[in-house]
Amino acid sequence: MTKMATQRRGGAGGAEQKPNQAVSAPSAPPRLCVAILLCTLAGCAYQEQDYSKLFASNPRSILVAPVRNDTTNLDSPEVVEAVVTRPLAERGYYVFPLILTDALFKDLGLSEAGHVQELQPQRFRELFGADAVLFVVITDWGSKYMVMDAAVVVEMDFTLYDTRSGEELWRSSQRVQQSTGTAGSDPIAALIGAAIGYVLNETFEPNYRPLAAQAARQAFDAPRSGLPLGPYSPQHGADRAAYPAP
Amino acid sequence: MQSVTQRRLRVAAALAFVCGLGACTTAPRGLYDWGDYEDGMSAQLIDNDPNAALAIYAQTLNEIQQRNGRVPPGLFADYGFLLYLRGDYGGAEANFTREKQLFPEAAPLMDKLIARVRQRQGLAGPPADGVPAPTPPYSSSDSQPPQR
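Heads up: the protein sequence lines correspond to chains A and B, in order. Numbered according to the working numbering, the first sequence spans residues 676 to 921. Numbered according to the working numbering, the second sequence spans residues -7 to 140.
Calculated from the structure, these hints are not laboratory results. Beta carbons: idealized from backbone N, C-alpha and C, even for Gly. A portion of the hints provided could be inaccurate.
Said to hold, decoys possible - Simulated restraints on C-beta separations: (1) T747(A) x N54(B): 33 to 43 Å; (2) T814(A) x D39(B): 36 to 46 Å; (3) R884(A) x R62(B): 20 to 30 Å; (4) T746(A) x G114(B): 15 to 25 Å.
Given only the sequences and the hints, what does the whole structure look like? Please build it.
Below, the structure is given as structure tokens:
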């Protein structure tokens, strides 16, 4: 069995508290710390951002720049590039063809994603006629082994820039983790499961594509923190109230 | 009094209902018919296999047409580019044109590419600025510093 864990890790899964002890002085400070920590974690996961620039820019087309890879896994950028188009286009935006733009960047001598992401956003309007450019940076990618469990992790940052003003319009960070599914069960079985998972992962490369796709969907579809529906969606413009824009 | 099979049927129906609901929430009715578009992209981007990508794109476009589905953004353009790599300039131009007819946002880029394709064919048309001709094999040297 496998299970997905998303970014919202700072939930209500903390230690049980007995209500009467809440007022006793010695235990109060640590509990306060825990409460603050939980709030902070929750705050991280629930990024409130100002959508007024995005609404003002109202982009119709988005160019996905070659994905920058900050990890040591060599195949990860292409895996991500192949799964970003669909969820983005399904939000109602025109997404530029990835095979074509990838080849054009190489032709421009920009085969390094890091170099492409150093370009001024305005360049993407000159070159492709894009209204906005999406920079994706992979910040974590791989298998993690813990005492009782093993997990496959994909983590990335998404940033959208206006190609007229060069300003940042939107950003999101997503982490998707798929455990090999042994935590919470019988500890001995969990230990064996983790060992088997380790051996299997040593032999077979885990399939990252569904995780990368989920990270992208989470980023774009998230209520209040995702991307508002674009011009090809029948509900374009009708969902503005669902995004914070003071 | 219920028989065991009846009860099982009920459980099965309830499960089917819940699964159906789950499907509703995770996959709302999409804007486009994607077919194997993503597999085609992977074939080129990950496996570096333009022939496989071309075959997948051709089949996907065929199937979408049969289903009367909506062609997603980029599919015609990428297909046209793969035809271009093969030297099928007529096919390339036809697909670049379909892309911009379907999505006017693509017009600036498609027009530049069409101009280049025509140049290659030895036809008229002034050279387009900005986007260089996609000349395979790519001269992907890292010598050029990033432009700021």
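We went through each hint and held it up to the structure:
In this structure the supplied range 33 to 43 Å holds for T747(A) paired with N54(B), their Cβ-Cβ distance being about 40 Å. Between T814(A) and D39(B), the C-beta spacing of about 25 Å breaks the proposed range 36 to 46 Å. At roughly 24 Å, the beta carbons of R884(A) and R62(B) sit within the given window of 20 to 30 Å. The hinted range of 15 to 25 Å is not satisfied by T746(A) and G114(B), whose Cβ atoms lie roughly 46 Å apart.
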